[in-house]
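> Residue numbers (the UniProt record's numbering), protein chains in the order written: chain A, 1 to 883; chain E, 1 to 109.
Keep in mind that the hints were calculated from the coordinates and are not lab data. Please read all numbers here as calculations on a predicted model, not as lab measurements. For each residue, glycine too, the CB sits at the ideal point set by N, CA and C. Hints may contain errors.
Stated by the list, open to error - Calculated lysine to aspartate or glutamate pairs in the EDC-like style (CA-CA distance at most 20 Å, straight line): (1) E:Lys35 x A:Glu40; (2) E:Lys24 x A:Glu29; (3) E:Lys35 x A:Glu36.
Said to hold, decoys possible - Which residues of chain A face chain E? A few of them, derived with a C-beta cut under 10 Å, are: (4) Glu19; (5) Ala30; (6) Gln54; (7) Ser55; (8) Asp647.
As the list claims (entries may be wrong) - If you want a taste of the chain A side facing chain E, the calculated C-beta under 8 Å gives, among others: (9) Asp21; (10) Glu22; (11) Ala31; (12) Phe45; (13) Gln58; (14) Gln312; (15) Thr315; (16) Glu316; (17) Ala318; (18) Ile874.
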Amino acid sequence: MSLWQRVENVFRRERLIREIDEEFESHLEAAMAAGEDPREARRTFGPQLRLREQSHDQRVVAWLDALRADVVFGWRQLLKRKIATTAAILSLALAIGACTSVFRLIDALFLRPLPVAHAERLYALARQGPDDLGVLRIFDGFAHPNFTRLRAAAKGQAELVAASFIHRTDLTYATGNEMEKGYVQFLSGTAFPLFGLQPSLGRLFTAEDDGTPGAHPYAVLSYNYWSRRFANDPGVLGRSVHIGGKVFQIIGVGPVSFTGTEPGNITDIFLPASMNPDVVREDNRWLRALAIVQPGVSLEPLRARLDAVSLQFETERAKGFAGMSPHNIEMFLQRKLLLQPAAAGISRLQDDYRRPLVWLGVLVALVLLIACFNVANLMTAQAASRAREMALRVSIGAGRARLVQLVLVENAMLALFAAALGALFSSWAAPFVVSHINPPGNPARLLLPGDWRIFVFGALLTLVVTLLFGLSPALRASAIQPVTALRGGEEPHARQRSMYALIAAQVAFCFVVLFFAGLFVATFRHLSNQPLGFDAGNLLLLETYTPHGQSPQAWSQMAETLRTVPGVTDVAIAGWPLLSGGWAGSISVNAAPPTDTLGWFVTISPGWLGAMRMHLLAGRDFHASDSFPGQAIVNQTFVRTFFHGADPIGRTFEKVNPAGRRQLCQVIGVVPDAAYSNLHDPIRPVAYVPFRQLDEKGAINPPEGGTFLLRTVGLPPLSLSTTLRRLIAQTNPAYRVTNLQTEQELVDNQAIRERLLALLAMFFATIALLLAAIGLYGVLHYSVLRREREIGIRLSLGASLGSIARLVTARISKSVFAGAAAGITLGMASVRYVQTLLFGVKATAPEMLLAPALVLLIAALLAALPAVLRAARIDPTTMLRAE
Amino acid sequence: MKHAGTLQGSLDLLALKILSRQPKLHGYAILTAIKVCSGDALNAEVGSLYPALHRMEKDGWIRAEWAEREDGRRMRFYQLTPAGRKQLAAEEARWHSVSSAINRLLREA
Numbered sequence: 001m002s003l004w005q006r007v008e009n010v011f012r013r014e015r016l017i018r019e020i021d022e023e024f025e026s027h028l029e030a031a032m033a034a035g036e037d038p039r040e041a042r043r044t045f046g047p048q049l050r051l052r053e054q055s056h057d058q059r060v061v062a063w064l065d066a067l068r069a070d071v072v073f074g075w076r077q078l079l080k081r082k083i084a085t086t087a088a089i090l091s092l093a094l095a096i097g098a099c100t101s102v103f104r105l106i107d108a109l110f111l112r113p114l115p116v117a118h119a120e121r122l123y124a125l126a127r128q129g130p131d132d133l134g135v136l137r138i139f140d141g142f143a144h145p146n147f148t149r150l151r152a153a154a155k156g157q158a159e160l161v162a163a164s165f166i167h168r169t170d171l172t173y174a175t176g177n178e179m180e181k182g183y184v185q186f187l188s189g190t191a192f193p194l195f196g197l198q199p200s201l202g203r204l205f206t207a208e209d210d211g212t213p214g215a216h217p218y219a220v221l222s223y224n225y226w227s228r229r230f231a232n233d234p235g236v237l238g239r240s241v242h243i244g245g246k247v248f249q250i251i252g253v254g255p256v257s258f259t260g261t262e263p264g265n266i267t268d269i270f271l272p273a274s275m276n277p278d279v280v281r282e283d284n285r286w287l288r289a290l291a292i293v294q295p296g297v298s299l300e301p302l303r304a305r306l307d308a309v310s311l312q313f314e315t316e317r318a319k320g321f322a323g324m325s326p327h328n329i330e331m332f333l334q335r336k337l338l339l340q341p342a343a344a345g346i347s348r349l350q351d352d353y354r355r356p357l358v359w360l361g362v363l364v365a366l367v368l369l370i371a372c373f374n375v376a377n378l379m380t381a382q383a384a385s386r387a388r389e390m391a392l393r394v395s396i397g398a399g400r401a402r403l404v405q406l407v408l409v410e411n412a413m414l415a416l417f418a419a420a421l422g423a424l425f426s427s428w429a430a431p432f433v434v435s436h437i438n439p440p441g442n443p444a445r446l447l448l449p450g451d452w453r454i455f456v457f458g459a460l461l462t463l464v465v466t467l468l469f470g471l472s473p474a475l476r477a478s479a480i481q482p483v484t485a486l487r488g489g490e491e492p493h494a495r496q497r498s499m500y501a502l503i504a505a506q507v508a509f510c511f512v513v514l515f516f517a518g519l520f521v522a523t524f525r526h527l528s529n530q531p532l533g534f535d536a537g538n539l540l541l542l543e544t545y546t547p548h549g550q551s552p553q554a555w556s557q558m559a560e561t562l563r564t565v566p567g568v569t570d571v572a573i574a575g576w577p578l579l580s581g582g583w584a585g586s587i588s589v590n591a592a593p594p595t596d597t598l599g600w601f602v603t604i605s606p607g608w609l610g611a612m613r614m615h616l617l618a619g620r621d622f623h624a625s626d627s628f629p630g631q632a633i634v635n636q637t638f639v640r641t642f643f644h645g646a647d648p649i650g651r652t653f654e655k656v657n658p659a660g661r662r663q664l665c666q667v668i669g670v671v672p673d674a675a676y677s678n679l680h681d682p683i684r685p686v687a688y689v690p691f692r693q694l695d696e697k698g699a700i701n702p703p704e705g706g707t708f709l710l711r712t713v714g715l716p717p718l719s720l721s722t723t724l725r726r727l728i729a730q731t732n733p734a735y736r737v738t739n740l741q742t743e744q745e746l747v748d749n750q751a752i753r754e755r756l757l758a759l760l761a762m763f764f765a766t767i768a769l770l771l772a773a774i775g776l777y778g779v780l781h782y783s784v785l786r787r788e789r790e791i792g793i794r795l796s797l798g799a800s801l802g803s804i805a806r807l808v809t810a811r812i813s814k815s816v817f818a819g820a821a822a823g824i825t826l827g828m829a830s831v832r833y834v835q836t837l838l839f840g841v842k843a844t845a846p847e848m849l850l851a852p853a854l855v856l857l858i859a860a861l862l863a864a865l866p867a868v869l870r871a872a873r874i875d876p877t878t879m880l881r882a883e
Numbered sequence: 001m002k003h004a005g006t007l008q009g010s011l012d013l014l015a016l017k018i019l020s021r022q023p024k025l026h027g028y029a030i031l032t033a034i035k036v037c038s039g040d041a042l043n044a045e046v047g048s049l050y051p052a053l054h055r056m057e058k059d060g061w062i063r064a065e066w067a068e069r070e071d072g073r074r075m076r077f078y079q080l081t082p083a084g085r086k087q088l089a090a091e092e093a094r095w096h097s098v099s100s101a102i103n104r105l106l107r108e109a
């Protein structure tokens, strides 16, 4: 009989039994037909039931049949205890789902190789060294001339590919059309051939299209963009797209899988690197250099060679750094070239979220452990009520392995249901988290495919979870002593010990989760409560662009027009809003050499200080006739840093740019410190200079871009968007609104990562607390049930309520305290690894430890209450009568 | 009425041998054949025959199929497979070597 037939027979038990019986029946008939005595014939047959079982076992795959029986039995068991089953499945599902979500994010961001040939041999070049504040940082930008030299130096050992930082920019498919936003990446012409990519439509640009700067205005669309924006229309070939004042011709569509080299960003349009206006500039580091290293090439000699080439390039350049202090030049030249594995691509998102995701992973793993321990306790308590059934099975000859299988099958079913629900949860949760990674107007774009990698992870997780919560109850249930169990007694001590140990572990993990959540929340609150130095509320920012520049008068006229809109109280102009950009230079006072500390600048119009609600401490605001170079208003840190605290009004300083050009400014006012570009960094010395700027010959520069600031009263700023856009288009068609947002959004954006981390940590802390409390409640409930008789006797002997409460909670409070102590130790030991994620929070501060401990204590008390009440309400007479 | 019974472990051999002579037999027929061919000297137990048949079926020595008799009743008929034929040869050889050894012992001891 074939194996397949026997497998089949497992699932048609009824029919198989019928066939066996039919054969026996036909045998008897044949015997009787041959004249045998019916009674004698039946007698010789022996016990038919046993015979049937024997035959049945021969004709099925025995282990599979046993498994089938266990599944059927387990299913009935699960149905019998609906509430416990639901609780177990839900808590496991949540934990499994959370783990899977974090894994999906980690996989998509860090583990999944780029869909290019030789991803495993892909490295990213970067330079490591101190930044202007002396902090060790990694700089991964390169200037194109430097890249060309590096590429030549690597020949034979590695192929270098230039990939610009993906940037969001304005583009349009016909002049005069509304601008739209697109994500653009410049690639060296060799990129597509080296990556082994084939076009879905048309052709991809090649090395020939990337020779002469500005000569090949070709664009390749990503498949993703082609589908979204053009609904896969093949007619897109040959169309032109206007980007940054240039016209590009679309020559092809990339392969389905390739979305650029930055996980977290999906490129819409690829352009040849030689089309970047900065391709010949030595000072603009706008691209990342990726190396595809030849097989068998050792990395260190290659790195050393590239390091030397890069250093030579920068050293030559540094000779012209007249405007930089010798110390800063030295720091700059100290940077060392690194080759970092980049199989998964390379992006800012990776740098920003590497640690947060790891810690999120730790938190959800702890929650998963808590859930597993919880379910293990639930199972253990239930194993007690099933002791008799197990004993019965042992006494009719079931082996130990068979019993372990019986219980494990049941647990595996629980885990499978939980995993299925968890997968559902993660299919919602992972994209939800991604959509909250960046500012709302520009969310991170990360492909999260649910493929075999995710499935294997989920399957492994389910297996681990089953073993974690299922193995020990299974082993214990199977180790039952039939004699004791059937007599009605118990061997409770081992079981009790493990339940209390699991409670202690849950409390410890729960404490750690609460502790981290507390740190992350405190960090977020601290960051968002940072004093800004200005009022960000009701401040609308209108970023505009005029292709050929507009005179300062035109800019002021536009500001005047905007002021007429009802609800607008103040209008001012700045080069860019605070917290959105930076412009720095060395400072020289009294013609001294350039300083080590940089001064930071922002261009503003008269009235900007008032609109920002920044108050002058001394001096005056700008007049319309002030200009840069010429006048400046500085902040207190600037005064402290460059004038050593002396009254600066009327004094002068020079902004020195790297080429050594000096621009003289006279200080006409002092304002309090305010946030400049990043809330995480210390306050910088900032000089506010007039929006009206003069060139080297003293002629007025017509600004091409600027931001109008509108302070509104009595209505939400963004409600004016449509009115303002229309008004600007009517007043002067040369102006294009490229972005519209509020200053508050920029402030909020500063803490997005911290808010996300705080939010998720709080969520998991709540879950952990809930699970731990349920666990406590369950164990207490079980222990009261078990000791009802004892408590009844004690009560009848006149025990006080307090002593009963103590009796019930004595052991568990020991577990809780032991767990909390372990949790504190664990938390303190791991806190230095999270330090970089914290801001303004001291992890060892007493309140950071006290708060979670208190929360945990309250939860424990609440969880203990029902059991204590139940114990107190035991009626001794009923209890004793029942005996 | 007590019969001489079957020798321990020889039921497989007997059933296979019977089936090698007659291609399609049901359980009762195999039982009868053993009895008749041995001149009433050997008698297989019903309780051992069926488990043995089902085990040999699992091992692939014999094949079973349902077929209708003339009176319309369904019966399960067994027949030898090539693997069963090989098994029979092996069992026969083993039987001969064992029985000749026993004979030698009885003669010479």
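> Return the status of the interface hint for A:Gln312: holds when the least beta-carbon distance to chain E is below 8 Å, violated otherwise.
With a minimum Cβ separation of about 78 Å from chain E (threshold 8 Å), the hint on A:Gln312 is violated.
> Taking the least C-beta to C-beta distance, is A:Glu22 closer than 8 Å to chain E?
This hint holds: A:Glu22 lies near chain E, its Cβ roughly 7 Å from the closest one there, short of 8 Å.
> Please verify that hint: A:Gln54, Cβ, nearest Cβ of chain E, below 10 Å or not.
holds, 5 Å
> Return the status of the interface hint for A:Ser55: holds when the least beta-carbon distance to chain E is below 10 Å, violated otherwise.
holds, 5 Å
> Check the hint pairing E:Lys24 with A:Glu29 against an upper bound of 20 Å on the C-alpha distance.
Given pair E:Lys24, A:Glu29 holds - Cα atoms ~18 Å apart, limit 20 Å.
> Taking only the CA atoms, is the gap from E:Lys35 to A:Glu40 under or equal to 20 Å?
holds, 17 Å
> Just to be careful: measuring from the Cβ of A:Ile874 to every Cβ in chain E, is the smallest value less than 8 Å?
violated, 57 Å
> Can the hint on A:Asp21 be confirmed by a CB-to-CB distance to chain E that is less than 8 Å?
Status violated, d = 11 Å.
> Is the interface hint for A:Glu19 satisfied, with its Cβ closer than 10 Å to some Cβ of chain E?
holds, 8 Å
> Taking the least C-beta to C-beta distance, is A:Gln58 closer than 8 Å to chain E?
holds, 4 Å
> Minimum Cβ distance from A:Phe45 to chain E below 8 Å?
A:Phe45 check passes; min Cβ-Cβ to chain E is 5 Å, inside 8 Å.
> Regarding the hint that A:Glu316 lies at the interface with chain E, is the smallest CB-CB distance below 8 Å?
Since chain E brings no Cβ nearer than about 83 Å to A:Glu316, farther than 8 Å, the hint is violated.
Going down the numbered hints, you'll see the structure goes against 8, 9, 14, 15, 16, 17 and 18, while the others check out.
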